[in-house]
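Colleague: The residues making up each chain are set out below.
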Amino acid sequence: MEKNNRLLGGIKFFALSIFLVLYIFPFFIVLINSFKERKEILENPLKLPSVLNLSNYIDAFTKMNYLHAFLNSLIITAFSVFLITLLSSMTAYIFVRKKWKFNQFMFFFMVASMIIPFQGIMIPLVKIYGSIGMMNSKWALIYMYVGFGASLAVFMYHGFIKSIPLELEEAATIDGCSQLQTFFKIVFPLLKPVTTTIAILDILWIWNDFLLPYLVLMAPEQRTLPLSVFYFYGTYTIEYGPAMAALMLATIPVIIAYLLMQKQIIEGVLKGSIK
Amino acid sequence: MEQEKTLLAKLKTYLIFAGPTTFAFLTVIILPFLYGIYLTFTDWNGISATHAFVGFSNYLQVFKDKVFWTSFLLTLKYVFFTVILINVIAFFLAYMLTSGVKGQNFFRAGFFTPNLIGGILLGFIWQFIFSNILVYLGKSYNIPILSGSWLSDPDKAFWALVIVTVWQYTGYMMVIYISGFMNIPRDLLEAASIDGANTYQRLKNVILPLMVPSFTISVFLTLQRGFMVYDINLALTNGGPYKSTELISLHIYNTAFLSQQYGIGQAEAFFLFFVVAAVTLLQVYFSKKLEVEN
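Chains as they are written, first to last, in full-length UniProt numbering: chain A, 1 to 275; chain B, 1 to 294.
Hints listed in this document are in silico derivations from the structure and should not be mistaken for laboratory results.
Note that the structure is a prediction, hence the values are computed from the model and not measured.
There could be a bad hint or two in this list.
To be verified - Using C-beta positions, here's what the derived DEER-type ranges look like:
| no. | chain 1 | residue 1 | chain 2 | residue 2 | range |
| --- | --- | --- | --- | --- | --- |
| 1 | B | A191 | A | A140 | 54 to 60 Å |
| 2 | B | Y35 | A | V51 | 54 to 60 Å |
| 3 | B | W69 | A | L22 | 44 to 50 Å |
| 4 | B | L258 | A | F13 | 45 to 51 Å |
Stated by the list, open to error - Every beta carbon over 12 Å from chain A, so not counted as near; a handful from chain B, in silico:
| no. | residue |
| --- | --- |
| 5 | F63 |
| 6 | T70 |
| 7 | L76 |
| 8 | K77 |
| 9 | N142 |
| 10 | S147 |
| 11 | S152 |
| 12 | I184 |
| 13 | A191 |
| 14 | I194 |
| 15 | Q201 |
| 16 | L203 |
| 17 | K204 |
| 18 | I207 |
| 19 | I248 |
| 20 | F286 |
Glycine included, each C-beta is placed from N, C-alpha and C at the ideal position.
Assemble the whole structure, with the sequences as input and the hints as a guide.
Modeller: Put into structure tokens, the structure is as follows:
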């Protein structure tokens, strides 16, 4: 029995390893080819690079305006996630603690709206915000993310806040805290687990989002990382080397963040999926 | 907590706490949605300042448009295969990775990796694989099925799209199934073993019924994402060759923003909205019926 189990464990380990190699293989291919010249890539795209030539990276880095795109992505993601978590938690709090008819209606309205797909909104969105001159700005984009992200965040905070006992808040009120003070000093710190979950889900979404920035941001200096890779790739399709380097440059920061926060990310996705 | 007595006090509290969210929600989602309904009845071309009211003609045109139906049916086919493949593989991986195999955290993290990276990048990565790596392998080792690029063959390009989607999402759904497996009470499994149930019987009679909630969520998410897919489609095939892989989302974008038929594009978008809403609501309804009391 014991021996059988170990054999079975070995087989499983082996099967999973093969599967994982298949999963990681595409990244590996991009990595090795990002160091090669076009000729070397065409001769044998599977061969390891003969020299570690960084010229593709330098090329991609400058032509993609990498630093700028990276900063744009960072600003957009950071501000959007900060605003979504802050504003949605306040909203959910008032929805749970004040059982006014209007609050219940708004909560239902927000939850119901979650079935509207982005494609159903994008055309009028472009028309409306284009006509009032709000396109082509990071801040307009951040504002839109707050609108798009609010429903799910309010829904998740709502579920969590319901389980927090009222006594703590009552004590704070007796001690003279205003409603806002009670929220920021007592409630918001208690929401940390769900805030982490929402932040992780929203970071993954906003950092990697393509279609909305593609519609909103026109000027090259406004581009996010996925957008700059898209335009760069479109212009340099034949230049495989720099194109591979561009893909790596966009992937590396994410992988580094993942290595540092792997546990929180997987846990965040796990908790976020149980609605 | 303080109790607001007057309507004005209530309004003040509401605006302080929920004002910004409400405003953003209404202006970013509800207003465009309502305006979208209006747009479907007009012939706006995106440029001219005026547009005429055309009644239901956009909807009629959508229903008569063969290209639209081709794209829609292709999307259905795509959703069908990706939903099944993703969920079967993800379930299988989660099963293996909760059975105490060595290095399971490492494996979990590895399979999840593609979900960290946006569809545009993944599409470009696989474009290189399909048009260079696989062709190279096919030519070097004389494998006929690989010697031409899959992306330039209408049938194979569809399967390339399916493969990339499955590769991207299995890790995510695996995480959901893992949480389902971890929520199955150990003593229930032990009791089944003591009663003499073998592995297959335990899977069929204990594990699967208790995993229905995970299936509900996971199938819901894969259905929804399947209907909405855009960036992988754009980066991998851009709908080609000859529009043979133009899924519905890409088709809507092209109709509206490239052909500048905003009214028609919006009518197509609403059609998609109704289909997705109907399919996902029905799926969740029937899955909920299957769930057992835990």
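Colleague: Compare the structure with each hint and give your call.
Modeller: Verification of the supplied hints:
At roughly 58 Å, the beta-carbon separation of A191(B) and A140(A) lies within the given 54 to 60 Å, and the hint holds. Taking the beta carbon of each, Y35(B) and V51(A) are about 57 Å apart, inside 54 to 60 Å as hinted. Between W69(B) and L22(A), the C-beta spacing of about 36 Å breaks the proposed range 44 to 50 Å. Between L258(B) and F13(A), the C-beta spacing of about 50 Å keeps the proposed range 45 to 51 Å intact.
Its beta-carbon lying about 18 Å from the closest one in chain A, F63(B) satisfies the requirement of being farther than 12 Å from that chain. The claim that T70(B) lies off the interface holds: its Cβ sits roughly 18 Å from the closest Cβ of chain A, which is beyond the 12 Å cut-off. The beta carbon of L76(B) sits about 16 Å from the closest Cβ of chain A, which is more than 12 Å, so the claim that it is off the interface holds. K77(B), annotated as away from the interface, keeps every beta carbon of chain A farther than 12 Å; the closest lies near 19 Å.
Residue-level check passed: N142(B) sits 16 Å from the nearest beta carbon of chain A, beyond 12 Å. With a minimum CB-CB distance of about 15 Å to chain A, S147(B) clears the 12 Å threshold, and the non-interface call stands. Look at S152(B): its CB is around 14 Å from the nearest CB on chain A, clear of 12 Å, so calling it non-interface holds up. Under the 12 Å C-beta cut-off, the non-interface status given to I184(B) relative to chain A holds; the minimum distance is some 14 Å.
At roughly 19 Å from the closest C-beta of chain A, the C-beta of A191(B) stays outside 12 Å, upholding its exclusion from the interface. Every C-beta of chain A lies more than 12 Å from that of I194(B), the closest at about 15 Å, which supports listing it as non-interface. The beta carbon of Q201(B) is kept farther than 12 Å from every beta carbon of chain A, the shortest such distance being approximately 18 Å. Its beta-carbon lying about 15 Å from the closest one in chain A, L203(B) satisfies the requirement of being farther than 12 Å from that chain.
With a least CB separation of 19 Å from chain A, K204(B) remains clear of the 12 Å interface cut-off, as annotated. No Cβ of chain A comes within 12 Å of the Cβ of I207(B); the nearest lies about 17 Å off, and the non-interface call holds. Not every C-beta of chain A lies more than 12 Å from that of I248(B), the closest at about 8 Å, which undercuts listing it as non-interface. With 12 Å as the threshold on Cβ separation, the claim that F286(B) sits away from chain A holds: the shortest Cβ distance comes to roughly 17 Å.
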